[in-house]
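Using the sequences plus the hints, can you model the full thing?
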Amino acid sequence: MDPIIILQAGVASGTVLLFATIGELFAERSGVMNLGVEGMMLIGAMSAFSVAIATSNPWLGVLVAMLVAGLLSQVHAVITIQFQADQVVSGLALTFLGTGLSLVFGEGLSAAGAVSLLPSYTIPGLSVLPILGPILFTNQNILVYLGFLTIPLTWYYINRTRQGMHLRAVGEFPAAADALGINVARLRYIYVFVGGLFAGLSGAAISLAISPGWFSQLTTSGQGWIAIGLVIFAQWNPIRAAVGSYAFGALRRLIFDIQGPTKILGLRNPFFYNSYLGFFLQMLPFAFTIIVLVIGSREAMRKRIGAPAALGLPYIRGERGL
Amino acid sequence: MDQSKWLGLAVSTGAVVVALILGGVILFLVGGNPVRTYIFMAKASFGSLGVLSDTLTKATPLILTGLACAIAFRMRLWNIGAEGQFFLGAFGASAVVLTPLLGADTSPWIMLPAMMLAGALAGALWGFIPGYLKARFDVNEIISSLMMNYIAIAWNNFFIFAVWSEGGFQMSPQFPRSAWLPRLTNYSQSAPILQGLTTHMGLIIGLVAAVIIWWIVFRSRWGYEIRLIGDNPRAARYAGINIARNTILVMMLSGALAGLAGMSEISGVVHRLQGSISPGYGFTGIIIAWLAKLNPLIIIPVSILFGALILAGREIQPSGIPTLLQGIILVSLIASDFLLRYKIRFTKRTQEA
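Note that the protein sequences, when read in sequence, are chains H and E.
Each residue of the first sequence is one higher than the last, beginning at 1 in our numbering.
Each residue of the second sequence is one higher than the last, beginning at 1001 in our numbering.
The hints are simulated quantities; they were obtained by calculation from the structure and are not laboratory data.
Beta carbons are placed, not taken as given, at the ideal position from N, Cα and C, and that holds for glycine.
Some but not every residue of chain H turned toward chain E, in silico, with C-beta under 7 angstroms:
| # | residue |
| --- | --- |
| 1 | G229 |
| 2 | Q282 |
| 3 | M283 |
| 4 | T289 |
| 5 | L293 |
Computed footprint of chain H on chain E, listed as stretches where at least three residues anywhere in the stretch have a Cβ under 8 angstroms from a Cβ of chain H:
| # | segment |
| --- | --- |
| 6 | 1136–1147 |
| 7 | 1150–1161 |
| 8 | 1281–1290 |
Derived DEER-like restraints, expressed as beta-carbon distance ranges:
| # | chain 1 | residue 1 | chain 2 | residue 2 | range |
| --- | --- | --- | --- | --- | --- |
| 9 | E | Y1038 | H | I264 | 55 to 65 angstroms |
| 10 | E | P1034 | H | L218 | 23 to 33 angstroms |
| 11 | H | I264 | E | R1036 | 54 to 64 angstroms |
| 12 | E | P1100 | H | I5 | 40 to 50 angstroms |
Shown next, in the form of C-alpha cells:
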C-alpha cells in the first residue's frame, strides 16, 4: 500500500469525476441544473466502448461519446428551456432515459473482447520532480493530462473572458443579461450541451482509459451523482471542483487498496482479515459526499455565497423576478 | 370531474402512447419486432388470472413507493431515496425475524404487525437523515437521499453476506411461515380458483395506505400545510407554518411508506433477505408519482400498469427495455405538460382580446 501509488491512481480515478463536475458546473453556471449526469456518463461510456470495438479507434470513441451525450443533454435543454418544465424532474427523466438507452444498445457489450484503449504517457522532465512527478506525471493516461489543462482553462474562461461573463450573467440575472442583448435561451442551450460533452468525455474516460470495459450500470456506479454533489461543495468554482474530484478519486482508490496488506502502520489490518468489512468501505464515498455537502452548505451560509441566483428557474421574458 | 382534469388525463394517456411508439422504434432499431413484443408483454401481464395476479403482486411495492414519492413531491421535497428506504424497510422487517426479536412460533397476528412497524421505522430513519440535514443545514436532499440508497444497499449486503448468510450463500435463511403475509393461494382449499395465485396481503396495505395518504393530503390540516409549502413556501412561512419541522416529518413519512414496501416485498414474495429484492421499485415510484399527478388514488392504477411493465419486461430482450420505456414515458410526460400549459395560456389571451 504505497501512498504514492494510491495518489497516482487516485488522480486517474478523479479525472472521471473532474470532467463530469466541470461539465455540470458550466450548465449550472448558466442557470440550468441537470440531474441527468449519471445517464449522460453511462451513454458516453457505452458509445465510446462500442465505437472503439467497431473501429479500433479509441479517439473516434471519445468523439462519438461526447456527441451522443451532448445530444442527450439537449432533451433536457428543450424540456427545461423551451417548455420551462421543472428541472429536477426532467433531469431525473434524463437519467432514466440515458440508463435505458445504454442498457439496450450496450446489450452484449460486456462480453466484447480486447479493445484498443487510450494511450498513457510519462512526461519527460516533469516526471522526475520529487513526489509530484510520480503522482501526476508518470504513466498517466492522456485524458488525465487533458484534465490538468481543463482546470485553469475553465477558471480563466468563466472569470476572465467576455463569454464567461455572459455565462455568469445568464445564471445570476437573466433579465439584465437579456436587456443587454444577450440571448439567454441560446446561451443556456449551449452550456447544457457543453455539460453533455463533458459528461460524455467522463464516461469515455471510464470505459476507454481509467477502468476499461462495459459493466452496465456498474460502469459509473453513482459517480454522476457524486459529481453533482461536488459542484455544490465546490460552490461553482472550478478550482475547488478539481480539488474535490481528485480527493474523491484518491478515496475510491484507497478503499480498493486498503484491503490488500496484512498490516497497516504495523497493526493487524482488519479489512484484510474480514473481507465483509469491505461493505462499510463501499459506503464511504457516498457518506463522504453527504458530509462534504454539509460542510459546503454551512460554509455557504456563513459566507453568504451560494448557487447562481437563477439556478433552477426558467427565464420568461417580461415576467417579474430574475 | 371538471374539463381540465379530463384534459390532463387525456394528455397523460397520450404521453404513454407516444412513449410506447418511440420505444417501439428503438426496439425495431435494435432488431426486435415491436408489435410482437408489445402483444407478448400484454399477454404476459394481463393474459390470464395467474399473470394478472402476478402483475398485482408487482404493483404492490410500486403503490407504496409511488405514495412515498408523491407525498414528498407535494411539498417539493425531492426524495430520490425511496430505493434505499425500501432496502432499509426490508432490513428492519428481516431483523425482527432473523435476529430473532420474535421466535418462529410467534403468532402471525403479532409477527406481521411487528415486521410492518420495524420496516416502516427503518425506512423512516433513512428518510429522517436527509430530511434533518435539509432542515438544519440546507443540504440538497436530492443528492443526500440518493447517496443514502448506495449506503443502504451496502448495509444490507453486509448482513446478507456476513451476518445472516445461510451456509455461505448470499441470502438469509427462509423466514418461518408466521412471517409470511398471507397469499390468495393460501385459501385455495375453500376456493379452488385461487390455486397458485401470488397476490398477497401487501396489496391491502398499499390500498389502505393510498386512501390514508389521500385523506392526509386533501382533507387534513397537515396536508393543507404540505400543499401550501409546496405551492408557495413564502406564503407558508408568513402563515406561520413550520417548514423545517414539516420537512423532517414528510421525509420520515415518505421513508416509512417506502420501508413498508420493502417489508411487504420480503414478507409477501421473497420470504428471505437477499440482494436482488428490487428491480428499482424506488426509482419507478418517482415516475408513477409524476404520472399520477401526485394524486394518491390515481397511483393505484398507474402502479398496476408499471407492475405489468416490470413483470413482462423480465422476459423480453434486450433486458434494458423496461428501464428505457420508463425513461421515455417520463420524458414525454413532462414534455406533454407543456401542451397543457400552452392551452391554458392560449385561452387566456383570447379572452383578453
